[in-house]
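For the record, the sequence lines run as chains A and B.
The first sequence begins at 1 in UniProt numbering and counts up by one.
The second sequence begins at 1 in UniProt numbering and counts up by one.
Certain hints may be false.
What the hints assert, rightly or not - Restricting the straight-line Cα-Cα distance to at most 30 angstroms, the calculated cross-link-like pairs of lysine-lysine (DSSO-like) are:
| id | chain 1 | residue 1 | chain 2 | residue 2 |
| --- | --- | --- | --- | --- |
| 1 | A | K343 | B | K434 |
| 2 | B | K343 | A | K250 |
| 3 | A | K275 | A | K250 |
| 4 | B | K201 | A | K343 |
| 5 | B | K343 | A | K106 |
| 6 | A | K343 | A | K106 |
| 7 | A | K346 | B | K346 |
| 8 | A | K346 | B | K275 |
| 9 | A | K346 | A | K201 |
| 10 | A | K201 | B | K250 |
| 11 | A | K201 | B | K106 |
| 12 | A | K343 | B | K250 |
These are calculated hints, taken from the structure and not from any lab test.
Just so it is clear, the structure is predicted and the values come from calculations on it, not from any experiment.
2 protein chains.
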Amino acid sequence: MTDTADLSDTRYNQLAEQLADAIRRGTLAPGSRLPSVRRSAQTWSVSINTVVAAYRRLEDRGFIEARPQSGFYVRAALPALNHQPHEQPQTPAAEPADEVLDLIDKVFASQIDPTYTNLSLACPQSNDFYPTGKLGRIMSSLLRRQPNLIGQYALPPGSPVLRQQIARRALTLGMILEPADITITHGCMEALQLALRVTTKPGDSVGLETPTYFYLLPMLASLGLKAVEIPTDPQTGLSLDVLEMLLAEKRLNAVIAMPTAQNPLGFTMPLAAKKRLARLMNDHQVPLIEDGLYAEIQFGATLSPAVKSFDRYGWILFCTSFTKTLAPDFRIGWVEGGRFADKLHKLKAVSSMAESALLSQTLAVFLESGGYDHHLRALRKRYASQVEQARALIARHFPQGTRATQPAGGFVIWVDFPPGVDCVTLFHQLLKDKICMTPGQLYSPSGRYSNGLRLSCCYVFDTRYISAMIRIGQRACEMCGLPPGLAETQEQAEESRTS
Amino acid sequence: MTDTADLSDTRYNQLAEQLADAIRRGTLAPGSRLPSVRRSAQTWSVSINTVVAAYRRLEDRGFIEARPQSGFYVRAALPALNHQPHEQPQTPAAEPADEVLDLIDKVFASQIDPTYTNLSLACPQSNDFYPTGKLGRIMSSLLRRQPNLIGQYALPPGSPVLRQQIARRALTLGMILEPADITITHGCMEALQLALRVTTKPGDSVGLETPTYFYLLPMLASLGLKAVEIPTDPQTGLSLDVLEMLLAEKRLNAVIAMPTAQNPLGFTMPLAAKKRLARLMNDHQVPLIEDGLYAEIQFGATLSPAVKSFDRYGWILFCTSFTKTLAPDFRIGWVEGGRFADKLHKLKAVSSMAESALLSQTLAVFLESGGYDHHLRALRKRYASQVEQARALIARHFPQGTRATQPAGGFVIWVDFPPGVDCVTLFHQLLKDKICMTPGQLYSPSGRYSNGLRLSCCYVFDTRYISAMIRIGQRACEMCGLPPGLAETQEQAEESRTS
Numbered sequence: 001m002t003d004t005a006d007l008s009d010t011r012y013n014q015l016a017e018q019l020a021d022a023i024r025r026g027t028l029a030p031g032s033r034l035p036s037v038r039r040s041a042q043t044w045s046v047s048i049n050t051v052v053a054a055y056r057r058l059e060d061r062g063f064i065e066a067r068p069q070s071g072f073y074v075r076a077a078l079p080a081l082n083h084q085p086h087e088q089p090q091t092p093a094a095e096p097a098d099e100v101l102d103l104i105d106k107v108f109a110s111q112i113d114p115t116y117t118n119l120s121l122a123c124p125q126s127n128d129f130y131p132t133g134k135l136g137r138i139m140s141s142l143l144r145r146q147p148n149l150i151g152q153y154a155l156p157p158g159s160p161v162l163r164q165q166i167a168r169r170a171l172t173l174g175m176i177l178e179p180a181d182i183t184i185t186h187g188c189m190e191a192l193q194l195a196l197r198v199t200t201k202p203g204d205s206v207g208l209e210t211p212t213y214f215y216l217l218p219m220l221a222s223l224g225l226k227a228v229e230i231p232t233d234p235q236t237g238l239s240l241d242v243l244e245m246l247l248a249e250k251r252l253n254a255v256i257a258m259p260t261a262q263n264p265l266g267f268t269m270p271l272a273a274k275k276r277l278a279r280l281m282n283d284h285q286v287p288l289i290e291d292g293l294y295a296e297i298q299f300g301a302t303l304s305p306a307v308k309s310f311d312r313y314g315w316i317l318f319c320t321s322f323t324k325t326l327a328p329d330f331r332i333g334w335v336e337g338g339r340f341a342d343k344l345h346k347l348k349a350v351s352s353m354a355e356s357a358l359l360s361q362t363l364a365v366f367l368e369s370g371g372y373d374h375h376l377r378a379l380r381k382r383y384a385s386q387v388e389q390a391r392a393l394i395a396r397h398f399p400q401g402t403r404a405t406q407p408a409g410g411f412v413i414w415v416d417f418p419p420g421v422d423c424v425t426l427f428h429q430l431l432k433d434k435i436c437m438t439p440g441q442l443y444s445p446s447g448r449y450s451n452g453l454r455l456s457c458c459y460v461f462d463t464r465y466i467s468a469m470i471r472i473g474q475r476a477c478e479m480c481g482l483p484p485g486l487a488e489t490q491e492q493a494e495e496s497r498t499s
Numbered sequence: 001m002t003d004t005a006d007l008s009d010t011r012y013n014q015l016a017e018q019l020a021d022a023i024r025r026g027t028l029a030p031g032s033r034l035p036s037v038r039r040s041a042q043t044w045s046v047s048i049n050t051v052v053a054a055y056r057r058l059e060d061r062g063f064i065e066a067r068p069q070s071g072f073y074v075r076a077a078l079p080a081l082n083h084q085p086h087e088q089p090q091t092p093a094a095e096p097a098d099e100v101l102d103l104i105d106k107v108f109a110s111q112i113d114p115t116y117t118n119l120s121l122a123c124p125q126s127n128d129f130y131p132t133g134k135l136g137r138i139m140s141s142l143l144r145r146q147p148n149l150i151g152q153y154a155l156p157p158g159s160p161v162l163r164q165q166i167a168r169r170a171l172t173l174g175m176i177l178e179p180a181d182i183t184i185t186h187g188c189m190e191a192l193q194l195a196l197r198v199t200t201k202p203g204d205s206v207g208l209e210t211p212t213y214f215y216l217l218p219m220l221a222s223l224g225l226k227a228v229e230i231p232t233d234p235q236t237g238l239s240l241d242v243l244e245m246l247l248a249e250k251r252l253n254a255v256i257a258m259p260t261a262q263n264p265l266g267f268t269m270p271l272a273a274k275k276r277l278a279r280l281m282n283d284h285q286v287p288l289i290e291d292g293l294y295a296e297i298q299f300g301a302t303l304s305p306a307v308k309s310f311d312r313y314g315w316i317l318f319c320t321s322f323t324k325t326l327a328p329d330f331r332i333g334w335v336e337g338g339r340f341a342d343k344l345h346k347l348k349a350v351s352s353m354a355e356s357a358l359l360s361q362t363l364a365v366f367l368e369s370g371g372y373d374h375h376l377r378a379l380r381k382r383y384a385s386q387v388e389q390a391r392a393l394i395a396r397h398f399p400q401g402t403r404a405t406q407p408a409g410g411f412v413i414w415v416d417f418p419p420g421v422d423c424v425t426l427f428h429q430l431l432k433d434k435i436c437m438t439p440g441q442l443y444s445p446s447g448r449y450s451n452g453l454r455l456s457c458c459y460v461f462d463t464r465y466i467s468a469m470i471r472i473g474q475r476a477c478e479m480c481g482l483p484p485g486l487a488e489t490q491e492q493a494e495e496s497r498t499s
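Turn these sequences into a full structure, and let the hints guide you.
In structure tokens:
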């Protein structure tokens with residue numbers, strides 16, 4: 001976490017932070033003029049250069065704008081995205097269309113190509129985001145003391161010491177879990193895959209958020225499952241009224257959802273909604289597969305508990321991984337299978353057997369050593385700051401009328417462009433600029449969201465990334481013919497919020 | 001491999017080896033008397049103690065027996081198993097019976113319990129079978145030089161350097177493979193699972209050997225696939241006549257087989273049969289999933305090539321892993337998907353994403369360093385010797401009329417008891433003795449082979465294991481009322497071979 005630490009230690013950066021806070025709180029209102037550089041230098045007893053650097057940083061981050069011959073002004077806030085929920089659930093679509101699958105391939109190819117400026121892949125690919133040094137030392141020490149670990153068969157349901165640590169950690173999200181009910185999996189993705197296989201059979205219907213984690217769609221198709229889109233509000237999540245209706249009509253065999261720091265919308269469901277969701281699933285005895293992948297990267301002061309923590313009769317299966325928080329390469333995830341725990345242990349055994357004891361124990365030793373919370377706090381702060389920076393760049397450079405989410409956690413932003421911007425076309429244009437983002441159409445089996453896109457803000461926002469954001473804005477402005485600048489006026493935003 | 005090395009360096013052991021060779025070649029015929037200890041000491045210019053130790057070793061391994069007041073005699077050879085092939089393929093069985101699944105659980109629970117003497121789990125669980133020290137040093141060095149490996153996302157289809165090394169190594173089994181067609185998987189089991197998913201859909205029928213790798217049966221059931229048992233000869237493998245008939249009648253959507261060092265029968269199909277198998281699958285355009293898990297642990301001087309090496313139009317998918325040969329804990333396997341390679345890459349990505357780059361590169365560096373062939377030679381020699389030792393113990397302690405396979409590779413032996421021995425009952429009796437083996441019924445979806453069992457001979461045959469083998473023999477003798485000793489007379493064996 002050296003980058004954040006270095007920057008925050010410099011005086012100009014402290015100043016920029018204080019001003020950003022003032023803007024966030026409204027002390028410095030949108031449109032108001034900042035004190036002149038000279039006056040600020042006097043007020044805060046710093047050099048003129050420090051103030052200039054602080055103002056430039058605020059400008060880079062989109063908080064303020066320079067007006068020639070006039071000074072620096074506070075930019076208007078970016079209005080939050082406020083989807084019109086689709087009140088009717090969609091016709092089940094057994095498989096995503098071929099063009100969607102082709103598009104997924106293209107997105108994936110650009111994600112893994114290091115020559116692209118990557119605003120698509122949800123992983124920083126950078127070693128200063130993770131305690132790689134400490135993990136490496138733990139592993140080397142294990143290899144010295146227990147060389148036999150390599151020579152032993154990795155056995156299901158996975159390392160007992162890691163399952164113990166996971167159960168201990170789960171309390172921070174409100175879950176009281178038994179290590180015996182936890183299966184160690186190959187990342188969160190295998191956890192989801194096994195949870196689906198253990199709760200459904202081919203031909204079944206699975207309710208999901210729309211937009212949803214886009215790899216879910218080909219995963220469901222590969223298992224012969226039908227996706228049923230449930231209207232999803234960008235602030236409050238899954239429409240529980242629609243869900244209740246679908247459950248009452250017995251049209252769902254399982255539901256898969258991300259109630260905390262959702263990918264791609266970033267919302268966390270309100271507590272009351274989480275409780276109602278848990279109650280609905282238990283009442284109707286339909287399994288909920290809760291994807292908690294980003295639940296430990298919440299930005300709020302206290303962590304919103306998992307829906308699983310309100311589970312009564314084991315109808316909720318909780319899936320997550322250390323891939324986003326600790327060691328992407330290890331791909332160690334886990335699932336607590338509720339009433340399906342036994343079946344899950346067995347399916348893992350006949351599906352891919354078990355996870356490496358060496359990798360599992362490395363994580364367990366790290367978790368036991370107590371450095372995890374410290375690491376998570378730094379990671380949350382860093383991602384919160386990067387998300388804010390990206391939102392500021394959107395407000396400044398994307399076409400008027402653009403709306404963007406205000407994530408409660410994670411590191412992705414969902415952007416809705418005004419009419420006229422087709423994001424698949426935009427995606428292909430940006431590939432020529434060696435910029436990679438994820439077009440909205442991938443996030444729904446029915447291919448909606450043609451003017452939406454997801455930006456992954458897990459990279460350090462250096463000049464290269466700032467230029468890429470500006471370039472996306474330019475391309476989008478060209479496409480819709482609107483000038484860049486604040487997406488909506490405050491009045492429009494208010495109106496859209498209340499409508 | 002210190003154990004083998006130490007033993008083979010001692011004089012008495014060399015002498016025992018030479019005598020064992022002479023017995024194998026027939027120079028010392030079954031029933032003949034060995035020279036007296038005194039005379040042997042003179043002949044070979046060694047001490048009397050050395051000769052005694054060598055004879056004791058041969059006795060332990062079942063080559064010779066002491067007759068009181070008379071001397072040491074060469075034991076008769078154990079007749080090879082000669083199944084009567086089941087000429088008609090079996091009715092498809094969609095799922096193994098519940099009692100079979102329960103039994104698998106019980107077997108599994110005993111396999112992973114270290115208080116049992118384990119003749120069931122096909123993994124030594126001992127560090128002197130693998131180059132764990134060298135692998136550990138490679139990994140520690142990678143962690144020091146590239147700490148970032150931990151912090152990066154493991155991406156499909158897997159480490160390019162490892163895929164390169166795999167393609168290079170595949171030549172030893174006659175396969176010319178493109179690294180681009182190889183998917184790195186989570187062990188051979190995930191390779192098989194993905195290969196099945198990519199070539200079939202729920203409700204399809206999959207032809208398999210009988211007996212077969214027993215975890216295949218719940219795996220097929222979990223994927224909604226029907227198992228069709230194809231008669232399998234313990235010396236020549238899959239009945240290709242039956243297979244051809246089934247293919248001609250379009251009754252199979254895929255075939256899964258282990259043509260080299262098969263688990264559990266140990267046979268390697270003759271070369272001509274392998275060629276015919278490849279031709280049949282290509283002619284009928286039905287995918288063959290070739291499980292090559294033990295193909296590198298063949299006992300013969302030259303390696304029998306994979307069926308994949310005779311593939312013409314990409315209808316053969318080759319699956320294997322480094323789990324049995326190098327690093328059980330890593331669970332790094334691979335599949336070459338033939339004409340399904342692209343589909344396989346994609347399914348892996350939406351099923352469990354990718355394998356750890358750290359583990360993959362550790363293997364790649366080891367493979368590149370050239371120590372693998374040396375290691376494999378030692379492993380083959382060791383397993384060949386242990387299998388022989390187990391066969392000798394079977395000949396000596398199991399009931400008359402018992403037959404056992406003569407494996408061409410791997411480290412498992414299949415035993416057929418005479419009528420009266422029910423191996424599920426025997427399994428439960430042996431659990432009380434804290435001995436764990438695998439009853440034959442698990443190896444067939446229709447639950448045949450009630451008098452068969454599989455013994456895994458991958459452990460060092462110390463006193464504990466020898467006692468366990470003797471105990472199995474005692475229990476079986478009690479059950480059928482037959483005395484221990486050579487299973488069949490030579491005449492009976494000849495007769496059963498020609499019948």
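Each hint, compared with the structure:
1. For a cut-off of 30 angstroms, the pair hint linking K343(A) to K434(B) stands: about 27 angstroms separates their Cα positions.
2. Distance restraint check for K343(B) and K250(A): the Cα-Cα separation of roughly 34 angstroms exceeds the 30 angstroms cut-off, and the hinted pair is therefore not satisfied.
3. Between K275(A) and K250(A) the CA atoms are separated by roughly 21 angstroms; this keeps the pair inside 30 angstroms, and the hint holds.
4. A hinted pair counts as satisfied when its Cα atoms are at most 30 angstroms apart, and K201(B) with K343(A) qualifies at roughly 22 angstroms.
5. Annotation: proposed proximity of K343(B) to K106(A) holds, straight-line Cα distance about 15 angstroms (limit 30 angstroms).
6. Taking the CA atoms of K343(A) and K106(A), the gap is about 36 angstroms. The hint is violated against a cut of 30 angstroms.
7. Among the hinted pairs, K346(A) with K346(B) is consistent with the structure: their alpha-carbon atoms are about 25 angstroms apart, no more than 30 angstroms.
8. Distance hint between K346(A) and K275(B) is unfulfilled; the C-alpha atoms sit about 37 angstroms from each other, more than 30 angstroms.
9. Taking the CA atoms of K346(A) and K201(A), the gap is near 16 angstroms; set against the 30 angstroms cutoff, the hint holds.
10. Distance hint between K201(A) and K250(B) is fulfilled; the C-alpha atoms sit about 26 angstroms from each other, no more than 30 angstroms.
11. Note on K201(A) and K106(B): the hinted pairing holds, with a Cα-Cα distance of about 26 angstroms set against a maximum of 30 angstroms.
12. Distance check on the hinted pair: K343(A) and K250(B) sit about 34 angstroms apart at the alpha-carbon level, beyond 30 angstroms; violated.
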